[in-house]
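A.B. asks: The chain contents come next:
Number of protein chains: 4
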Amino acid sequence: MKRFFRYLKLSFFALPLLAAQQDKPLRVIFFGDSITQAGVRPGGYIVKLGEMLEKQNLKSKYELIGAGIGGNKIYDLYLRMEDDVLSKKPDVVIIYIGVNDVWHKASHGTGTDPDKFVKFYEAILKKLQAANIRVALCTPAAIGERTDFSNQQDGDLNQYSQMIRNLAKKNGLPLIDLRKAFLDYNLKNNPNNEEKNILTTDRVHLNEVGNQFVADEMWKVLKGM
Amino acid sequence: MKRFFRYLKLSFFALPLLAAQQDKPLRVIFFGDSITQAGVRPGGYIVKLGEMLEKQNLKSKYELIGAGIGGNKIYDLYLRMEDDVLSKKPDVVIIYIGVNDVWHKASHGTGTDPDKFVKFYEAILKKLQAANIRVALCTPAAIGERTDFSNQQDGDLNQYSQMIRNLAKKNGLPLIDLRKAFLDYNLKNNPNNEEKNILTTDRVHLNEVGNQFVADEMWKVLKGM
Amino acid sequence: MKRFFRYLKLSFFALPLLAAQQDKPLRVIFFGDSITQAGVRPGGYIVKLGEMLEKQNLKSKYELIGAGIGGNKIYDLYLRMEDDVLSKKPDVVIIYIGVNDVWHKASHGTGTDPDKFVKFYEAILKKLQAANIRVALCTPAAIGERTDFSNQQDGDLNQYSQMIRNLAKKNGLPLIDLRKAFLDYNLKNNPNNEEKNILTTDRVHLNEVGNQFVADEMWKVLKGM
Amino acid sequence: MKRFFRYLKLSFFALPLLAAQQDKPLRVIFFGDSITQAGVRPGGYIVKLGEMLEKQNLKSKYELIGAGIGGNKIYDLYLRMEDDVLSKKPDVVIIYIGVNDVWHKASHGTGTDPDKFVKFYEAILKKLQAANIRVALCTPAAIGERTDFSNQQDGDLNQYSQMIRNLAKKNGLPLIDLRKAFLDYNLKNNPNNEEKNILTTDRVHLNEVGNQFVADEMWKVLKGM
Numbered sequence: 001m002k003r004f005f006r007y008l009k010l011s012f013f014a015l016p017l018l019a020a021q022q023d024k025p026l027r028v029i030f031f032g033d034s035i036t037q038a039g040v041r042p043g044g045y046i047v048k049l050g051e052m053l054e055k056q057n058l059k060s061k062y063e064l065i066g067a068g069i070g071g072n073k074i075y076d077l078y079l080r081m082e083d084d085v086l087s088k089k090p091d092v093v094i095i096y097i098g099v100n101d102v103w104h105k106a107s108h109g110t111g112t113d114p115d116k117f118v119k120f121y122e123a124i125l126k127k128l129q130a131a132n133i134r135v136a137l138c139t140p141a142a143i144g145e146r147t148d149f150s151n152q153q154d155g156d157l158n159q160y161s162q163m164i165r166n167l168a169k170k171n172g173l174p175l176i177d178l179r180k181a182f183l184d185y186n187l188k189n190n191p192n193n194e195e196k197n198i199l200t201t202d203r204v205h206l207n208e209v210g211n212q213f214v215a216d217e218m219w220k221v222l223k224g225m
Numbered sequence: 001m002k003r004f005f006r007y008l009k010l011s012f013f014a015l016p017l018l019a020a021q022q023d024k025p026l027r028v029i030f031f032g033d034s035i036t037q038a039g040v041r042p043g044g045y046i047v048k049l050g051e052m053l054e055k056q057n058l059k060s061k062y063e064l065i066g067a068g069i070g071g072n073k074i075y076d077l078y079l080r081m082e083d084d085v086l087s088k089k090p091d092v093v094i095i096y097i098g099v100n101d102v103w104h105k106a107s108h109g110t111g112t113d114p115d116k117f118v119k120f121y122e123a124i125l126k127k128l129q130a131a132n133i134r135v136a137l138c139t140p141a142a143i144g145e146r147t148d149f150s151n152q153q154d155g156d157l158n159q160y161s162q163m164i165r166n167l168a169k170k171n172g173l174p175l176i177d178l179r180k181a182f183l184d185y186n187l188k189n190n191p192n193n194e195e196k197n198i199l200t201t202d203r204v205h206l207n208e209v210g211n212q213f214v215a216d217e218m219w220k221v222l223k224g225m
Numbered sequence: 001m002k003r004f005f006r007y008l009k010l011s012f013f014a015l016p017l018l019a020a021q022q023d024k025p026l027r028v029i030f031f032g033d034s035i036t037q038a039g040v041r042p043g044g045y046i047v048k049l050g051e052m053l054e055k056q057n058l059k060s061k062y063e064l065i066g067a068g069i070g071g072n073k074i075y076d077l078y079l080r081m082e083d084d085v086l087s088k089k090p091d092v093v094i095i096y097i098g099v100n101d102v103w104h105k106a107s108h109g110t111g112t113d114p115d116k117f118v119k120f121y122e123a124i125l126k127k128l129q130a131a132n133i134r135v136a137l138c139t140p141a142a143i144g145e146r147t148d149f150s151n152q153q154d155g156d157l158n159q160y161s162q163m164i165r166n167l168a169k170k171n172g173l174p175l176i177d178l179r180k181a182f183l184d185y186n187l188k189n190n191p192n193n194e195e196k197n198i199l200t201t202d203r204v205h206l207n208e209v210g211n212q213f214v215a216d217e218m219w220k221v222l223k224g225m
Numbered sequence: 001m002k003r004f005f006r007y008l009k010l011s012f013f014a015l016p017l018l019a020a021q022q023d024k025p026l027r028v029i030f031f032g033d034s035i036t037q038a039g040v041r042p043g044g045y046i047v048k049l050g051e052m053l054e055k056q057n058l059k060s061k062y063e064l065i066g067a068g069i070g071g072n073k074i075y076d077l078y079l080r081m082e083d084d085v086l087s088k089k090p091d092v093v094i095i096y097i098g099v100n101d102v103w104h105k106a107s108h109g110t111g112t113d114p115d116k117f118v119k120f121y122e123a124i125l126k127k128l129q130a131a132n133i134r135v136a137l138c139t140p141a142a143i144g145e146r147t148d149f150s151n152q153q154d155g156d157l158n159q160y161s162q163m164i165r166n167l168a169k170k171n172g173l174p175l176i177d178l179r180k181a182f183l184d185y186n187l188k189n190n191p192n193n194e195e196k197n198i199l200t201t202d203r204v205h206l207n208e209v210g211n212q213f214v215a216d217e218m219w220k221v222l223k224g225m
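Here the protein sequences line up with chains B, P, Y and Z, keeping their order.
Here the first sequence stands for residues 1 to 225, numbered as in our numbering.
Here the second sequence stands for residues 1 to 225, numbered as in our numbering.
Here the third sequence stands for residues 1 to 225, numbered as in our numbering.
Here the fourth sequence stands for residues 1 to 225, numbered as in our numbering.
Just chain B, with the same shape it has in the complex:
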């Protein structure tokens, strides 16, 4: 049922941004959780990226595909990478995961141990690199937007983000450091230390500003890939 919905979403919202006449467009898969699942909905960050490409007359150069499923953790990505990524033969994969690995510790008792998080992340990278797919890594932006590190999961989000930064560095891969970018943005734009409604609607999922912000941050890296 969930799978059905997902593919419906994908076939409905996936953005085959104009089949180029001569050049094959760069096929980019956004691989993640509910934040990415929402990215292909109207106003979502992947839709916004598509609009940005259109304005720059780059629409024919990129094919943007959302592959986000709500509740996914790193090992869910691992388990479905054959079906949802490798079989689609992308040129680029942008991995945006980690919120649930941390959050589900408190909400379900089924978060991911830090060392296992790294192991599965490395296993994913290994398979993507073996298929000559270029990869960019995102840090998990936020579970709560307070800027004084008093959001419940801040400690873990900082730790898991650092593990992702280390993975990017170790593997020579581009990093989209959303965690840092969100904090920097909130330090300027969240003077009352609110836990939501700056870049998120509910501490985690992106509001309109947040979707544009993520699209911008991703484009900074994607355009160079």
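If you're looking for bench data, these hints aren't it; they were derived computationally from the structure.
Keep in mind that a hint or two might mislead.
[Claimed, not checked] Think about it this way: if two alpha-carbon atoms lie no more than 16 angstroms apart in a straight line, the pair counts; the simulated EDC-like pairs of lysine to aspartate or glutamate are:
#, chain 1, residue 1, chain 2, residue 2
1, P, K119, B, D148
2, B, K119, P, D83
3, Y, K119, Z, D83
4, Y, K116, Z, D113
5, Y, K180, P, D148
6, P, K180, Y, D148
7, Z, K180, B, E82
8, P, K116, B, D113
9, B, K119, P, E82
10, B, K116, P, D113
11, Z, K119, Y, E82
12, P, K119, B, E54
[As the list claims (entries may be wrong)] Negatives, chain Y to chain Z, calculated, CB over 10 angstroms:
#, residue
13, Q56
14, G70
15, D76
16, K88
17, D113
18, K116
19, N132
20, R134
21, K180
22, E195
23, N207
As the structure is a prediction and not an experimental result, all values here were calculated from the model.
Glycine included, C-beta positions come from ideal geometry on N, C-alpha and C.
Following the hints, complete the assembly by docking chains P, Y and Z onto the known chain B.
C.D. replies: Relative to chain B, chains P, Y and Z alone:
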């Protein structure tokens, strides 16, 4: 450090039960968590199995190898199956896992979701079967020995055990139903509804009676494989 | 906000079942969590109890007051018993608590340790008895209706229910053993081992049959108090 | 058993720092968890405070009493305040609690909700103030000493510490801000961002430097009370 310790354990305690002159012995790997890690220590269930074989003059027919690591969950087995199982080319693998998948929900917030437990279990079975390795599945015996289902994790242990029974049935594989066997034993031998000291020392890990009991239960199935 | 809603609820739905001309009606407070909060809504178990009283021409004998708040655990009852119970000078209090003490372990990491559950329960009983209020104790019915004890929280629910049974016995107080009653009902009426839709809508909250069932179980005890 | 051990500890280690001839010494109770329980052991922060008093010839002015029990959360303090604090008629109580309220979320599923933490804290303050006892409040120092807020519980510790700061301010009570003091110390003395061994032995409990540090921080406030 942990890995080093493990291999030390294995080289020290693994039981290469006599290399048979003519017939190659059946190589059996016990693949699991701390209960199996303790199985290769003096008095452990794997050691006891070895002693049982010796008494029956079957020592030369079997090579018993412990591959248990404390704290392991189903996806840990998955992550290390290449190194610790496939590379050793066993004839038989006995999978004994599940306690930590349930227990770590409460103790670390990093248990395993039931659907992911099944997915990783299936992925392990698929790889073992692809390598023509025979497999037997164990249900997780106990986290607490009370017989009125008032041990905290009884609900989950019952659920995960049922998932393992279903996997065995679906894949036509032998089942060593330790969960059921422990309960049956306790119903007869634990009249005061104690939570430990019947088959375990601490609600989970096996005491001497428990190690012998597991060895017996395993032998019932192993001798037919 | 939550408190406002609660009192609105109470003033709106509390059932001042006819001020008797000569005899003061027995004032009964139902003290609990979201299940009791829903009890004063149309179709809720407290409303149904009121209807049962009306049919038996006992309406003037009882004043039924709901004092349930969603998410409450034993220590929430303790913290608000002055405001919501003692100040209302009831003759009888029916305590129906325990689901969240168990459930919130997994869903928020903030369940109640078993020994603290008993301590706060005893503190509540002590204060009620000091005020000469008669008390009946309910066991928490269910988090999931499967009958083979494979609902995740079954172990804890069985344990906490036993603690409540012990408290009733030790203090010589009437027990409304909903946990046992629900299981007995499901063993007869849930042949497919469904986790909901027999007496609950969502594994926890009562459907129409469930509300009537709880009203019936409560009446069996209440009529004798 | 636990209680027995506790009182043994207290009678053994409590420091009746010289019964003053003429002036009654200031009776100070340290009310907390395992950190305070260890405070009365050799090298513990309460013992060190006693030694500091002796060096300053103030031994006769103070009677220092440890009332710490391992694993305690705010509501444990509430439940035992009659026995362990009020009945001893102290002049001053120093409350040092919060680590387990946060930590037990992940390790037992039985941490304390933030709003309930405040409610029980307020209930304790109310009872102490009703008995004319002066109170000082401590923030929980650390679960992990990393300085980049990447310790798992940093988010919650920051939040709960802020709640304690607010309680101190609202009630006009002195604050011993160990959380801030530990961070400041680590920023200077933990250049490698280690998670322990600066002021703690195990991320939580105090090493010798930590015990002296806490004694110093407490004295700064206690001497003015």
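A.B. asks: Checking one constraint from the list: CA of P:K116 to CA of B:D113, max 16 angstroms. Satisfied?
C.D. replies: 15 angstroms, holds
A.B. asks: A cut-off of 10 angstroms on Cβ-Cβ distance, and Y:K116 was said to be off the interface with chain Z. Does that hold?
C.D. replies: 7 angstroms, violated
A.B. asks: Can you confirm whether the C-alpha distance between Y:K119 and Z:D83 stays at or below 16 angstroms?
C.D. replies: With a Cα-Cα distance of about 14 angstroms, the restraint between Y:K119 and Z:D83 holds, given a limit of 16 angstroms.
A.B. asks: If I take the minimum Cβ distance from Y:D76 to any residue of chain Z, is it greater than 10 angstroms?
C.D. replies: 7 angstroms, violated
A.B. asks: Keeping to a limit of 16 angstroms between CA atoms, is the pair of Y:K180 and P:D148 held or broken?
C.D. replies: The hint holds at about 13 angstroms.
A.B. asks: Going straight from one Cα to the other, do B:K119 and P:E82 come out at no more than 16 angstroms?
C.D. replies: Distance of about 14 angstroms is within 16 angstroms: holds.
A.B. asks: Any Cβ of chain Z at or closer than 10 angstroms to Y:K88, or is the non-interface label fine?
C.D. replies: The assertion about Y:K88 holds, with a minimum of 20 angstroms to chain Z.
A.B. asks: Evaluate the condition: distance from the CB of Y:R134 to the nearest CB of chain Z exceeds 10 angstroms.
C.D. replies: Non-interface label stands for Y:R134: nearest chain Z Cβ at 25 angstroms, farther than 10 angstroms.
A.B. asks: Regarding the assertion that Y:D113 does not contact chain Z, is the least Cβ-Cβ distance greater than 10 angstroms?
C.D. replies: 5 angstroms, violated
A.B. asks: Taking the minimum C-beta separation from Y:G70 to chain Z, is that value above 10 angstroms?
C.D. replies: 13 angstroms, holds
A.B. asks: If you draw a straight line from the CA of P:K180 to the CA of Y:D148, is it 16 angstroms or shorter?
C.D. replies: 13 angstroms, holds
A.B. asks: Run the distance test for B:K119 versus P:D83: straight-line Cα separation, threshold 16 angstroms.
C.D. replies: 14 angstroms, holds
Checked against the numbered hints given earlier, the structure breaks hints 1, 7, 12, 15, 17 and 18 and satisfies all the rest.
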